[in-house]
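Peer 1: What follows is each chain in one-letter form.
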Amino acid sequence: MRRTIRTALAMIALLLGGTAQAQLGATLSVESDYRFRGVSLSDSKPAWRLTLNHDFVSGAYAGASATRVELARDDHYSQLVGYAGYVTRLSSGRSVEFGASFSHFTGDASYDYLEAYAGLLAERWGLRVHFAPDYFGRGVRVAYVDANAHWPLTDNLRLFGHAGALVPLGGRSFSADDRRTRTDLRLGLGMSAGLLDVQLAWVGATRGGPYPAVYTGRRGTWQLSALLSF
Amino acid sequence: MTTVRLAKLLAAVVAIIVVILLVAPAVFAAEVKPAEPSEIDETQRILVLLDMPAPHFRPDGNYAGGYADPAARSARRRTVNALARSYGLRLVTDWPLPALGVDCFVLDVPAAQRPDEVAERLSREPRVAWAQPMNVFKPQGRATHDDALFGLQPAAREWQLAQLHAAATGRGVRVAVIDSGVQRDHPDLAGQVALSANFVADHPEAAELHGTAVAGIVAARADNRVGIVGVAPQAELLALRGCWQSSAPDTRCTSLSLALALHKAIESGAQVVNLSLGGPADRLLQRLIESAQARGALVVAAADRGQPRGGFPADLANVIAVVDDGSALPTAIVAPGTDVPTTLPGSRWATVTGSSYAAAHVSGLLALVLELRPGIAASPTNAADVIALRADRRVDACASIARAAQRCVCDCEQAAAAGSGNSADSIARH
Chain A
1 MRRTIRTALA MIALLLGGTA QAQLGATLSV ESDYRFRGVS LSDSKPAWRL
51 TLNHDFVSGA YAGASATRVE LARDDHYSQL VGYAGYVTRL SSGRSVEFGA
101 SFSHFTGDAS YDYLEAYAGL LAERWGLRVH FAPDYFGRGV RVAYVDANAH
151 WPLTDNLRLF GHAGALVPLG GRSFSADDRR TRTDLRLGLG MSAGLLDVQL
201 AWVGATRGGP YPAVYTGRRG TWQLSALLSF
Chain B
1 MTTVRLAKLL AAVVAIIVVI LLVAPAVFAA EVKPAEPSEI DETQRILVLL
51 DMPAPHFRPD GNYAGGYADP AARSARRRTV NALARSYGLR LVTDWPLPAL
101 GVDCFVLDVP AAQRPDEVAE RLSREPRVAW AQPMNVFKPQ GRATHDDALF
151 GLQPAAREWQ LAQLHAAATG RGVRVAVIDS GVQRDHPDLA GQVALSANFV
201 ADHPEAAELH GTAVAGIVAA RADNRVGIVG VAPQAELLAL RGCWQSSAPD
251 TRCTSLSLAL ALHKAIESGA QVVNLSLGGP ADRLLQRLIE SAQARGALVV
301 AAADRGQPRG GFPADLANVI AVVDDGSALP TAIVAPGTDV PTTLPGSRWA
351 TVTGSSYAAA HVSGLLALVL ELRPGIAASP TNAADVIALR ADRRVDACAS
401 IARAAQRCVC DCEQAAAAGS GNSADSIARH
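Going down the list, the sequences are from chains A and B.
Take the first sequence: its position 226, counting from 1, is numbered 226 in the working numbering, and each next residue is one higher.
Take the second sequence: its position 76, counting from 1, is numbered 76 in the working numbering, and each next residue is one higher.
Calculated directly from the structure, the hints in this document are not laboratory data.
Over 10 angstroms on every C-beta distance to chain A, these chain B residues come out as not near it, computed from the model:
#, residue
1, Trp130
2, Gln160
3, Asp223
So the derived label-pair ranges between C-beta atoms look like this:
#, chain 1, residue 1, chain 2, residue 2, range
4, B, Arg85, A, Leu157, 27 to 35 angstroms
5, A, Ser91, B, Asp250, 35 to 43 angstroms
6, B, Ala294, A, Ser58, 19 to 27 angstroms
7, A, Thr88, B, Arg157, 51 to 59 angstroms
8, B, Gly88, A, Ser110, 55 to 63 angstroms
9, A, Phe98, B, Arg121, 31 to 39 angstroms
10, B, Gly88, A, Ser91, 33 to 41 angstroms
Even for Gly, the Cβ is constructed at its ideal location relative to N, Cα and C.
Between the sequences and the hints, there should be enough to build the whole structure, so can you do that?
Peer 2: The structure is reproduced here in structure tokens:
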């Protein structure tokens, strides 16, 4: 893991230290609980994340992120996500995008999975549909539909909201629990100050749906996160 | 969350803040303390536009979307800081313009360099969408008298305003007046302004002559026993201050202040955008005007009779160019604009003259048309599609409203007796 971090930091130093590239960005974030689609992937413990993103003039984009996860008690892995997609603006000012992401878990590649997505986005809201043929390597096909929105209160303060539904579509290990659709919600307040963005949110999810581990944590919790951009 | 975990998280947040304090000076070094208004030479500034990627998927689920993406924004800031160092410029401020998909940076050019040349060189940089000088714009009108007036509005006579208002009053139509400051508590404007915003950072917000006069012609209150009647008294006025009164009656605007006001008009869903001003061709403003039109807004501009095609922005495609009735221009339509009584700061009324005020008349008339036919601006539009014109290119207000209402509007009894009128059929002959 340390080697991964060193490699990532070296990449940032190399890319940011040379000629400024217009659309390369990096963020480092910490959060009190890594909630992925409403459910903790860090056993309700604080987690950090490093993300790199590059936007090309053509509308193509690609990036990667690294996060510490704990899918079962004291079972620590690093989740590395690579993603690439294409976004184009419509004359209405909205955008449409499509792309794919691949999640790799160091230490247990059986969790690895691929996901494709398509979305319709505007300045203040976005709708996206994801499809994973083998969600977290559990042999279950799922669709995830989510809506995101934010509303500026002042120049630096905003309200934001997220609602999502994870819909099982079938698969080889399609248990009764896997068949249930799980919905999740995230509502909060965000504040940006220069390079720092701090968010306080309430996150919650219903029971059921396929997941990499039996989840015993609280369904809803407050989450504090801070994001530093480079 | 246990106390220990919370403590760890807070420690991490503090660590990030410390890092920020260490790296921030390098990032913000180019930001300068705003100069006093008297020191600012807008013509010695340039605008540098960097493409802003459209919002897209991020693997961190906490990202709420939108152009406020902090990583992308800091990337653009790094770029412009590098350019500023390379060209010896000073970064003043930046404004995201998501409606256009660009981030707009304002830079001071040293006195020894020409802003237009620097902008041209910067435009060739692969990292720059384009760069341009900060242009200065002026209104197309002047005040002529300072007398209180009653019942002398040209529109009341030539346009038969009272009869038009029996068909439409502009109810619920959003008209953006991009101009100098409007006196919102003027007796004839109180309650008429649905939204007010100031985009002239260096000049304190104030009630100013040109903006207040234009706003009154568009939407002054009706039946309040004082002053005048706006052409569209029930329109929702968006008073967007993109100009300032430098010294009465002189009014000035810049590329940046107008761009921010236009962007706000787009964001606010303005259906009519009134630009009673003119100046040099400006790529940023042209892009914003086209963006507003693509979203269904009708854009009205005062034409400069001294320019062959009315000057910018009146010469743009599908912008409705207007001159006052003391002028003539083949590409413009003619509306009342001579000795027009209207609202002025200080809760006064006086007469004004100029194409600025003719444009305000047309913006008000468009609000009436849009109340009756909301979808009229859905396709590319020119003046003749929306407004009925006489042979001499004067606006025929009665015919315009009759066409939108699909019925006779003015002097209908006399018209019926004579077997003609301003019905839709007869209007088709215009």
